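Visitor: Based on the sequences and whatever the hints tell you, model everything.
Listed below, chain by chain, are the residues.
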Amino acid sequence: MSKTVKNISIASQEHNDLNGTQRAGIALGLIGLFIMTLALLNVEFPNKGYWLAGSITAIFSGIVLYSNSFYLNRVEGISNNHVWTSSLTSRGTVAYAIGLILTSFYVVLYWFPQYLGLSSEEGAANTGIVSFFDPLSLLLNGKPASQWFVYGTLYTIAIVGLGYKFILKYRHNKYQLVRTISIMFFQLGFAFLIPEILEKLNPEKAYFAKDIKNMWPLNYYFFDEWHLKNMINGGNLGLFMLIFGVALIFIISPILTYFYGKRWYCSWVCGCGGLAETAGDSFRQLSDKSEKAWKIERWMIHTVLVLAFVSTIAVIFTFLTNNPDMSFITKDQFVWGIVIFLGVFTTALYVFKRKDMDADAIYTMLSLVAIMVIAILMNYFSGNQNIFFVDSYKLREWYGFAIGAAFSGVIGVGFYPILGNRVWCRFGCPMAAILGLQQRLFSKFRITTNGGQCISCGNCSTYCEMGIDVRSYAQKGENIVRSSCVGCGICSAVCPRGVLKLENDTPAGRINSNEILLGNDVDLMDLINQK
Amino acid sequence: MEHIVIIGNGISGVTLARHIRKRSDAKISIISAETNYFFSRTALMYVFMGHMKFEHTQPYENDFWKKNNINLIHKKVSEVFPKEKSLLLDGNTVITFDKLVIATGSKPNKFGWPGQDLEGVTGLYFKQDLENLEKWAPTTKRAVIVGGGLIGIELAEMMRARNIEVTFLVREDSFWNGVLPKGESQMINRHIKEHHIDLRLSTGLKEIIADENGRTKAIITDKDETIECQIVGLTAGVSPNIDFLKTSGIELGRGVKVNRFLETNFKDIYAIGDCAEQHEGIGERRPIEAVWYTGRMMGESLAQTLTGNPMEYKPGHWFNSAKFLDIEYQTYGWVWAKEKENETHFYWEHKGGKKAIRIAFDTESRRFLGINTFGIRMRHEFFDKVLTDQQSVDYVIENLAAANFDPEFYTSHKKEIQIEFTKQCVGLKNESL
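From first to last, the protein sequence lines are chains Z and D.
Each residue of the first sequence is one higher than the one before, counting from 0 in numbering that gives the first Met the number 0.
Each residue of the second sequence is one higher than the one before, counting from 0 in numbering that gives the first Met the number 0.
Mixed in with the good hints, there may be bad ones.
[Said to hold, decoys possible] Okay, derived cross-link-like pairs now, DMTMM-like style, lysine to aspartate or glutamate, Cα gap no bigger than 20 Å in a straight line:
1) LYS212/Z to GLU198/Z
2) LYS21/D to GLU477/Z
3) LYS222/D to ASP172/D
4) LYS66/D to ASP520/Z
5) LYS384/D to ASP522/Z
6) LYS106/D to GLU83/D
7) LYS84/D to ASP242/D
8) LYS294/Z to ASP331/Z
9) LYS52/D to ASP287/Z
10) LYS313/D to ASP287/Z
11) LYS384/D to ASP520/Z
12) LYS98/D to ASP24/D
13) LYS140/D to ASP62/D
14) LYS291/Z to ASP210/D
15) LYS256/D to ASP223/D
16) LYS228/Z to GLU477/Z
17) LYS173/Z to ASP172/D
18) LYS422/D to GLU380/D
19) LYS212/Z to GLU195/Z
20) LYS109/D to ASP242/D
21) LYS52/D to GLU290/Z
22) LYS443/Z to ASP405/D
23) LYS384/D to GLU198/Z
24) LYS291/Z to ASP62/D
25) LYS443/Z to ASP393/D
26) LYS173/Z to ASP405/D
27) LYS475/Z to GLU380/D
28) LYS21/D to ASP525/Z
29) LYS134/D to ASP62/D
30) LYS21/D to GLU33/D
31) LYS192/D to GLU75/Z
32) LYS65/D to ASP525/Z
These are calculated hints, taken from the structure and not from any lab test.
Computed from a predicted structure; not experimentally measured.
Guide: Structure follows, in structure tokens:
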């Protein structure tokens with residue numbers, strides 16, 4: 000099949016040339032981006048507010064114009080034509096070009112913000128694209144824009160704009176509709192508008208995170224000394240954020256995961272997931288489905304899990320050592336509390352859930368044991384600031400650099416067009432393993448396989464953004480109960496035979512495995528399956 | 000060690016090999032002239048449309064076969080010698096077997112149309128068909144598809160995905176109406192036209208015409224209309240792919256004749272899948288069933304027999320599924336195109352014209368016989384149990400929510416269907432509903 004014609008159209012259409020409206024839409028969107036690029040290159044616009052509003056409007060209208068013309072003119076249904084022949088969506092030149100632009104953007108954002116126009120001197124005015132966003136920033140939070148404000152705004156534009164495109168593409172599928180509206184809502188409201196407005200209402204308070212859905216350990220600095228102090232000193236709002244943040248991890252999240260699976264977070268609420276599902280939708284087929292990739296995934300997320308826990312324990316340990324007056328527990332109580340909690344939890348896991356564990360769950364259990372051991376060692380071999388002779392804040396910094404920035408941004412988003420849209424969620428997210436364990440062992444959620452209807456076509460596996468070989472379960476009539484499943488529902492949507500259904504049902508019989516598929520003689524099924 | 004040789008690496012042969020391996024250490028060889036590795040034939044269309052790459056249609060990673068010690072031979076079987084228990088490969092290599100399983104599937108029907116072997120004429124069955132279509136598509140303005148069945152509509156969808164104009168010749172006066180009752184069939188007619196496919200009902204093919212280079216230039220219909228086209232898809236059904244067995248002495252009908260143990264007239268030689276022909280159809284089934292699922296089930300059953308647990312092929316309740324462009328179709332139990340004498344059909348169609356269900360039941364006993372469902376997914380397990388327990392149609396209508404398999408948040412049409420059912424099919428005797 001060497002005879003595939005390569006093209007470089009953005010619209011992933013090989014033989015369907017874009018019509019006039021679609022071209023106009025793309026042009027309009029590019030004009031919006033171009034204005035921002037000019038700002039980046041230090042072009043000084045008069046009436047910045049109008050130009051900023053104009054460029055954002057142009058981007059949105061471009062997306063709307065393009066999507067309406069592209070999707071509303073065709074019959075409702077799966078529209079994956081030419082995905083594997085278009086340059087953008089099959090790792091062609093366009094894909095590499097966009098990957099390069101995104102990657103460089105992240106590198107500049109994290110390590111060279113001065114190129115975006117951030118003033119390198121304290122108090123001096125910003126220039127470039129950072130100052131271009133001042134009018135919006137002043138409006139929302141009362142302060143001039145920072146590089147993070149620019150990033151947050153662009154991020155939100157991407158989710159809301161391309162979320163609209165996603166909705167049109169899947170307009171026949173109500174699950175996708177509801178889920179995407181949820182994602183757009185949480186990004187626009189909880190991640191963007193509300194924190195900015197809270198910032199404006201509390202101008203005198205030192206910074207702490209105000210996006211309540213961005214929970215630890217995804218928000219890796221939540222338990223850092225400065226952040227804890229700022230929250231504790233942050234009045235009612237600060238205390239609320241602290242208490243809600245802790246409750247979210249230990250109470251709310253396990254309960255929601257029990258009822259709905261980890262999808263309640265990963266593909267309905269989370270910002271990382273939000274960008275992946277909307278802006279990243281065109282790249283979901285690029286995830287690697289091989290068993291080898293699954294092994295790498297297992298090693299990586301558990302390494303990240305251990306790092307996230309250990310580095311957090313380390314900073315809390317240091318915080319408690321340095322500020323015994325700000326807390327009601329001592330560092331000994333803290334460390335032993337964690338050890339006892341993890342000890343009881345893993346023992347219970349082993350005793351009650353051994354049978355349901357797959358390799359993923361076993362790795363997670365062993366990771367928890369490793370965290371326990373390291374915590375004990377830490378207590379006996381560390382000074383105030385030094386954890387195993389490494390400064391705990393250095394450890395933190397390294398974690399922040401490697402996971403928080405390099406992985407989540409540069410690779411996680413920058414490599415969307417090459418490695419797929421969920422690289423970060425799959426290989427790097429510090430929550431992945433923990434939510435995954437809950438989903439595998441303590442949840443009602445599963446993807447049910449519809450008896451013997453599977454024809455092994457492979458659409459489900461191809462379009463699984465998490466790289467799960469869905470077909471390998473479906474063709475055996477087995478339910479899909481995988482730690483990594485984020486419940487996006489696309490496997491079910493693209494299945495041509497109605498084989499897959501995401502549902503929450505009784506935990507009994509959820510993890511099943513049929514030797515013989517439904518449809519064959521009942522006696523044969525009984526004979527084989529009850530052996 | 001016993002050597003089990005399987006000819007054909009489709010779903011039947013591969014299912015068989017996998018299940019034998021679970022129960023036995025016998026030496027297993029799978030021979031295929033088509034491809035190195037098993038792939039899902041039903042997914043070829045998605046490769047052409049760009050939804051998938053060919054490798055995505057392969058359900059197992061390439062090292063799976065080695066890991067499971069299944070020997071793959073990429074050669075063509077020229078001849079079978081049952082008495083010598085041997086095979087001739089590519090006309091030059093002889094291998095021997097202890098047990099032989101023929102699982103060679105089907106080939107597209109050709110009815111002796113003039114021009115049926117021209118360049119530009121193809122079925123949609125083999126991987127090679129896909130390669131040909133890829134080759135011809137860039138220079139094709141119009142394709143004519145002959146034969147209104149499941150493969151025909153898939154081929155039409157493929158062509159439309161590449162913006163190729165399609166004329167769809169259907170001999171019957173409505174799409175697939177040998178199987179689908181009128182309501183459903185007409186719904187699909189409308190959907191075909193919605194996709195800008197030029198549907199010609201009650202029209203057949205008379206002749207395919209070549210240009211000066213021997214390439215397809217046009218066709219002539221049985222109404223003597225000439226339609227210019229560069230591709231002709233022949234999708235008028237399939238028949239068993241068994242030409243290589245003609246001189247073997249194995250009993251052949253349209254397919255390879257087998258008994259209920261899937262055994263041919265030779266001990267230790269079996270046939271499964273599309274190419275197997277039962278001496279008599281099982282239940283309401285036809286003697287030859289060219290369906291993915293039956294192939295798989297024969298593989299599951301025969302694996303038992305070949306590993307010391309002789310087991311008849313006893314398919315359970317009939318089920319099938321397909322997708323007509325954007326409309327999904329599932330069926331459980333038997334729904335005939337025309338009601339049989341003792342049957343009543345209940346039909347409901349959504350006002351949007353893309354969802355419908357039809358339930359067949361016994362008029363006297365009200366026993367549920369089967370369901371066709373379009374645009375609404377239904378649970379296999381539910382209907383399998385209903386059929387086994389011989390539940391009534393009223394039970395099914397009452398429990399439509401439990402039967403539903405649509406994704407979450409989908410609009411339920413349960414109420415509407417129940418009201419319609421009461422109107423159509425509930426007499427004074429059954430006021431309880």
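Visitor: State the violated hints by number, sorted upward, taking the hints as numbered earlier in the document.
Guide: 4, 6, 8, 10, 13, 14, 15, 16, 17, 18, 23, 25, 29, 30, 32
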